[in-house]
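In terms of this note's numbering, the sequence shown is residues 30 to 405.
Careful, some of the hints might be misleading.
Claimed, not checked - Pairwise CB distance ranges, derived in the manner of DEER restraints: (1) D95 / R326: 24 to 34 Å; (2) D374 / S219: 37 to 47 Å; (3) T255 / D95: 47 to 57 Å; (4) V339 / D95: 25 to 35 Å; (5) G357 / G243: 29 to 39 Å.
Treat the hints as calculated values from the structure; they're not laboratory data. Note that beta-carbon positions come from the ideal geometry of N, C-alpha and C, so glycine has one too.
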Amino acid sequence: MTNNETLIQLFIELAGIPGKSLNEAALAAHIRRRLDGLPFTVETDDAGRALGGNTGNLLIKPAHFDPAKPVRVYMAHMDTVRDTTGIGILRDKGKITSDGTSQLGADNRAGVAVLLQLLLDVTLSPPNYMVVFTIAEEIGLKGAELLDFGGLDVEAVFVFDSSRRPGAYIRTCAGKFRFEARIKGRAAHSAVAPQEGISAIMVAAEALQGVTIGKLDEMTTINVGTIHGGEANNIVAPLCVATGEVRSETMDAVATHLDRIETAFATACERHGASLEFIRTKDFAPFDLDPDSLLVRTLEEAIHRAGAAVDPLRYSGGSDANVLNERGYAAVNIGIGAQKPHADDEFILEEDLVTAWRIAQNLMIMHSEQGQSNRF
30 MTNNETLIQL FIELAGIPGK SLNEAALAAH IRRRLDGLPF TVETDDAGRA
80 LGGNTGNLLI KPAHFDPAKP VRVYMAHMDT VRDTTGIGIL RDKGKITSDG
130 TSQLGADNRA GVAVLLQLLL DVTLSPPNYM VVFTIAEEIG LKGAELLDFG
180 GLDVEAVFVF DSSRRPGAYI RTCAGKFRFE ARIKGRAAHS AVAPQEGISA
230 IMVAAEALQG VTIGKLDEMT TINVGTIHGG EANNIVAPLC VATGEVRSET
280 MDAVATHLDR IETAFATACE RHGASLEFIR TKDFAPFDLD PDSLLVRTLE
330 EAIHRAGAAV DPLRYSGGSD ANVLNERGYA AVNIGIGAQK PHADDEFILE
380 EDLVTAWRIA QNLMIMHSEQ GQSNRF
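I would like the entire structure built from these sequences, with the hints used as guidance.
Pasting the structure below:
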């Protein structure tokens, strides 16, 4: 059986492999090498080709895998949001960090390490399971969107990706839409005939005064992230584009807030004679897991067996679990303790890495105990 130090060293090994979104091939190849000679089949799907990346999602099945039986899936994403090439990794008093010049990449190399270690520990052999390492999670859950289970009867998906500490899991998650407001004014010389122009920038500024941004309630946030426009200082700006996002726990709530934002822009445009194109793009749908479902009860028991405190969360950050729930698969995002993700001071506690691994291990053990008579 694996000891704690083996797992920690595996994480450090994986964290140092570059793998930004759509550039995960080096990590995928490393995973293949680590599994070489063990009783698994490793397949790469076509998601990378469709997205313009250099590898697809990895689907790993044990030799005894039976496609005619229900399957439970254990999942983590391979990509990091920033490049980790050449990072220095430090260990101090049970805490793993980078040297402060880059993110550590615990999001989500910690999840990859947990699941890869389970595969390397071949004594664990539940009835029918698959481990999936996805690509392009950090750029909009794109790998999971294109993941093809090939008609398999997937009864549950356990996603190891939440930055919260082990014991926490996402029971309710917000959905997210992006918006783009394109305001078209009219160009004019800003000194000779400014009255003949319509400043798209000023229209946007007026519109934004009617948009409430920030945290509106526990599950609702609105942000305007970028604004740009204009051509030169001596030209009344003919175009201004503002972009942002809305997150909330139901799609109806998201739509209501988007309607209000569009109305604010449309009203300002009408007042000044500008025109508006307002574009909405869905990133992911919300989900709300039944606390009495077998999926939740199984996970909570696995957490309890690992000695952690069960902590169901309402959360606004998306993961592959959002995409999978929308596609009809019972999926839950599980805390791995990758704290301050994406930042230079990102870190993970060694005890959290070990506890996340024990939770995953317990899920597989319970899979054997439960057999395949119960449905999620």
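Hint check results:
1. D95 / R326: 24 to 34 Å: 25 Å, holds
2. D374 / S219: 37 to 47 Å: Roughly 45 Å apart at Cβ, these two residues keep to the hinted range, so it holds.
3. T255 / D95: 47 to 57 Å: Holds, at about 50 Å.
4. V339 / D95: 25 to 35 Å: For V339 and D95 the Cβ distance comes to about 32 Å; the hint holds.
5. G357 / G243: 29 to 39 Å: Since the Cβ atoms of G357 and G243 sit about 34 Å apart, the hinted range of 29 to 39 Å holds.
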